[in-house]
Amino acid sequence: MGLNIEKIRADFPILDRKVNGQQLAYFDNAATSQTPRQVINSIVKYYETINANIHRGVHTLSQEATDAYEAGREKVRKHFNVQHSHEIIFTSGTTHSINLVASGFGSLLQKGDEIIVSALEHHSNIVPWQMMCEKTGVVLKVIPMTLSGELDMEKYTQLLSAKTKLVFVNHVSNALGTINPIEKIISQAHEIGAAVLIDGAQAAPHIKADLQELDVDFYTVSAHKICGPTGVGILYGKEEWLRKLPPYQGGGEMIAEVTFEETTYADLPHKFEAGTPNICGGIAFGAALDYMNQIGFDKVASYEHELLTYATEKLLEIDGLKIYGESLQKTAVISFNVGNIHPYDIGTLLDKMGIAVRTGHHCAQPIMDYFQIPGTIRASFSFYNTFEEIDRLVGGVKKSVMMLS
Amino acid sequence: MSIQEIQNEIVEEFSLFDDWMQRYEYMIELGKSLPLIEDQYKMDENIIKGCQSRVWVHAELNDDKIVFTADSDAIITKGIIAILIRAFSHQHPKDILDANTDFIDEIGLKEHLSPTRANGLVSMIKQLKMYAIAYQTQLN
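Protein chains in written order, with our numbering: chain A, 144 to 548; chain B, 32 to 171.
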């Protein structure tokens, strides 16, 4: 059985809305996914029935909110097949998660140590590490990419050495959709004793990662890419690593005892969760995972692949259209340009037709520099998109090109 | 013509169109007909920040009036800047400073006026006015 798209679309109230007088066709899913009623309801229910600050509360609401929040963490644990729920740190999202690791990891390194990033990264997985390198004298190495938008794995192997302490690569490229061979990246890094952080932000909506099987040291996810709300995400870290890392922020919730002479830190996961967390967000993240799992990731992946194949075929029929990122292993993302037309022009006209795409460098300037382009138009598909919507996209691009030529 | 008269003229031209496509097609035409900025002025310090496309604006004083030239690598942005230049170029700095930009709303480009909009229309207007301030000071 495939997906019942009509039924699924009915779960997403926003898909009914009109934009510039036209029916919305939403293809900016890689930036943020839309939110199903089930998740919206969990948010409403939280604020209407159990809103309270969590942990250490003696009253009933606080207990119920704590239970619901921790149940959210448990859902995340189960979804990613993590061994212990205290290895799941709630954060505000992937950027926060990466900064948390980058900020602490520096204290475990010495000047001259090397860390490896890939050319396919989002700025979030570049800048925090550059900041760390500036402070510590650690050296940043880059795995180059190829014309098809894939990582040059031979070069990666050459970069690995006894000096390498950490490798951080995204599971899926946000700008191109390339699915990176993270199994190989992880195992090769482990052979020489380096740790690996995988940025799973773009993978999570399409691929259900088994983190124990991957044997990855850190994995990051943002809830809003996977039908959850904005402002919440997770850092998964192996217990041994999370114990080694110093706390990131100080405050309430993360302490065991505080005196002016000395403060001792709380145990995992609270050591990294200073202050009142995004309680509702944690609960809604759990609801989003429930929703996705009920639909089923296998079905999502195969339907999205059909959408990708169809859209790729149709778009390539347009004269002068070039797709960036031609890996055979990619999620339902198409990054493209038409001739010399600026992506912004096409994006603006598509918006007038109710079609939402993203234009620009997609926070991945090194990739744009590599292709020597100012940016691309990126259409990213989700399981609630339809073939009819893709026809509208293709028609919209054709119309835009006609107007702009 | 005064800035106000030119703006009225632009509003009148745009009122002939009954849908967004015609308006944008006209804007694209305007963009294409924008006199090119001299290459020597297409330098980084003339780039207006806040635009997803690159926009260069150059200004010089000629007979107490400011002459603007501009370019962009995106054609719609070029159309927008062409409209602005038509309204504000060859005008006295003081008149530029006193002028409002309500006509943008009236020609159906209101959505471009949001300060968070990636095309930076607001930044463009600000930049033109900055030049006017600079030259006004020079004239005083």
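These are computed hints drawn from the structure, not numbers from a lab.
Wrong hints could be hidden among the right ones.
[Said to hold, decoys possible] Below are the DSS-like pairs computed for lysine-lysine, each with C-alpha atoms no more than 25 Å apart in a straight line:
no.: 1; chain 1: B; residue 1: LYS63; chain 2: B; residue 2: LYS125
no.: 2; chain 1: B; residue 1: LYS63; chain 2: B; residue 2: LYS80
no.: 3; chain 1: A; residue 1: LYS542; chain 2: B; residue 2: LYS141
no.: 4; chain 1: B; residue 1: LYS125; chain 2: B; residue 2: LYS96
no.: 5; chain 1: A; residue 1: LYS284; chain 2: A; residue 2: LYS161
no.: 6; chain 1: B; residue 1: LYS141; chain 2: A; residue 2: LYS495
no.: 7; chain 1: A; residue 1: LYS351; chain 2: A; residue 2: LYS150
no.: 8; chain 1: A; residue 1: LYS465; chain 2: A; residue 2: LYS161
no.: 9; chain 1: A; residue 1: LYS351; chain 2: A; residue 2: LYS306
no.: 10; chain 1: B; residue 1: LYS160; chain 2: A; residue 2: LYS161
no.: 11; chain 1: A; residue 1: LYS308; chain 2: A; residue 2: LYS387
no.: 12; chain 1: A; residue 1: LYS284; chain 2: A; residue 2: LYS306
no.: 13; chain 1: B; residue 1: LYS141; chain 2: B; residue 2: LYS157
no.: 14; chain 1: A; residue 1: LYS542; chain 2: B; residue 2: LYS63
no.: 15; chain 1: A; residue 1: LYS541; chain 2: B; residue 2: LYS63
no.: 16; chain 1: A; residue 1: LYS495; chain 2: B; residue 2: LYS63
no.: 17; chain 1: A; residue 1: LYS308; chain 2: A; residue 2: LYS284
no.: 18; chain 1: B; residue 1: LYS73; chain 2: B; residue 2: LYS96
no.: 19; chain 1: A; residue 1: LYS465; chain 2: B; residue 2: LYS63
no.: 20; chain 1: A; residue 1: LYS387; chain 2: A; residue 2: LYS306
no.: 21; chain 1: B; residue 1: LYS141; chain 2: B; residue 2: LYS160
[What the hints assert, rightly or not] From the derived model, a few chain B residues whose C-beta atoms are all more than 12 Å from chain A:
no.: 22; residue: ILE37
no.: 23; residue: ARG54
no.: 24; residue: LYS63
no.: 25; residue: GLN83
no.: 26; residue: ASP104
no.: 27; residue: HIS123
no.: 28; residue: GLU137
no.: 29; residue: GLU142
no.: 30; residue: ILE164
no.: 31; residue: GLN167
Just so it is clear, CB atoms sit at the ideal spot from N, CA and C, and this is done for glycine as well.
Outcome of the hint check:
1. Note on LYS63 (chain B) and LYS125 (chain B): the hinted pairing is violated, with a Cα-Cα distance of about 29 Å set against a maximum of 25 Å.
2. A threshold of 25 Å between alpha carbons decides the hint, and for LYS63 (chain B) with LYS80 (chain B) the separation of about 22 Å falls inside it, so the pair holds.
3. Under the criterion of a C-alpha separation no larger than 25 Å, the hint pairing LYS542 (chain A) with LYS141 (chain B) is consistent with the structure, at around 23 Å.
4. This hinted pair checks out: LYS125 (chain B) and LYS96 (chain B) have alpha carbons roughly 9 Å apart, not beyond 25 Å.
5. With a CA separation close to 47 Å, the supplied pair LYS284 (chain A) and LYS161 (chain A) exceeds the 25 Å bound.
6. Restraint check for LYS141 (chain B) and LYS495 (chain A): satisfied, since their Cα atoms lie roughly 13 Å apart, inside the 25 Å limit.
7. Annotation: proposed proximity of LYS351 (chain A) to LYS150 (chain A) holds, straight-line Cα distance about 22 Å (limit 25 Å).
8. About 30 Å separates the Cα atoms of LYS465 (chain A) and LYS161 (chain A), which puts this hinted pair outside 25 Å; it is violated.
9. A threshold of 25 Å between alpha carbons decides the hint, and for LYS351 (chain A) with LYS306 (chain A) the separation of about 32 Å lies outside it, so the pair is violated.
10. Simply put, LYS160 (chain B) and LYS161 (chain A) have alpha-carbon atoms about 36 Å apart, too far for the 25 Å limit, and the pair is violated.
11. Simply put, LYS308 (chain A) and LYS387 (chain A) have alpha-carbon atoms about 14 Å apart, close enough for the 25 Å limit, and the pair holds.
12. Taken as a hint, the LYS284 (chain A) and LYS306 (chain A) pair is honoured in the structure, with Cα atoms around 11 Å apart against an allowance of 25 Å.
13. Under the criterion of a C-alpha separation no larger than 25 Å, the hint pairing LYS141 (chain B) with LYS157 (chain B) is consistent with the structure, at around 16 Å.
14. Restraint check for LYS542 (chain A) and LYS63 (chain B): the C-alpha separation of about 18 Å stays at or below 25 Å, so the hint holds.
15. Proximity of LYS541 (chain A) to LYS63 (chain B) is assessed by CA-CA distance (about 20 Å); at most 25 Å being required, the pair is judged to hold.
16. Restraint check: the Cα-Cα separation between LYS495 (chain A) and LYS63 (chain B) comes to about 20 Å, which is no more than 25 Å; the hinted pair holds.
17. Under the criterion of a C-alpha separation no larger than 25 Å, the hint pairing LYS308 (chain A) with LYS284 (chain A) is consistent with the structure, at around 11 Å.
18. Simply put, LYS73 (chain B) and LYS96 (chain B) have alpha-carbon atoms about 22 Å apart, close enough for the 25 Å limit, and the pair holds.
19. For the hint linking LYS465 (chain A) to LYS63 (chain B), the alpha-carbon distance of about 24 Å falls within 25 Å, and the restraint holds.
20. Our distance criterion of 25 Å between C-alpha atoms is met by LYS387 (chain A) and LYS306 (chain A), whose separation comes to about 19 Å.
21. The suggested pairing of LYS141 (chain B) with LYS160 (chain B) holds, with an alpha-carbon distance near 19 Å, which does not exceed 25 Å.
22. Non-interface call for ILE37 (chain B) relative to chain A: holds, since the shortest CB-CB distance, roughly 25 Å, exceeds 12 Å.
23. Listed as a non-interface residue, ARG54 (chain B) fails to keep its Cβ farther than 12 Å from every Cβ of chain A; the least gap is roughly 9 Å.
24. Once the 12 Å rule is applied to beta carbons, LYS63 (chain B) is inconsistent with being away from chain A; the minimum gap is 10 Å.
25. Non-interface call for GLN83 (chain B) relative to chain A: violated, since the shortest CB-CB distance, roughly 5 Å, does not exceed 12 Å.
26. The claim that ASP104 (chain B) lies off the interface is violated: its Cβ sits roughly 5 Å from the closest Cβ of chain A, which falls inside the 12 Å cut-off.
27. Listed as outside the interface, HIS123 (chain B) is consistent with that label: its C-beta sits roughly 33 Å from the nearest C-beta of chain A, beyond the 12 Å cut-off.
28. The beta carbon of GLU137 (chain B) is kept farther than 12 Å from every beta carbon of chain A, the shortest such distance being approximately 18 Å.
29. At roughly 8 Å, the least C-beta separation between GLU142 (chain B) and chain A is not larger than 12 Å, which violates its mark as non-interface.
30. No beta-carbon of chain A comes within 12 Å of the beta-carbon of ILE164 (chain B); the shortest separation is about 29 Å.
31. With a least beta-carbon separation of about 33 Å from chain A, GLN167 (chain B) lies farther than 12 Å from that chain, consistent with its non-interface assignment.
Hint violations for this structure: numbers 1, 5, 8, 9, 10, 23, 24, 25, 26, 29, all remaining hints satisfied.
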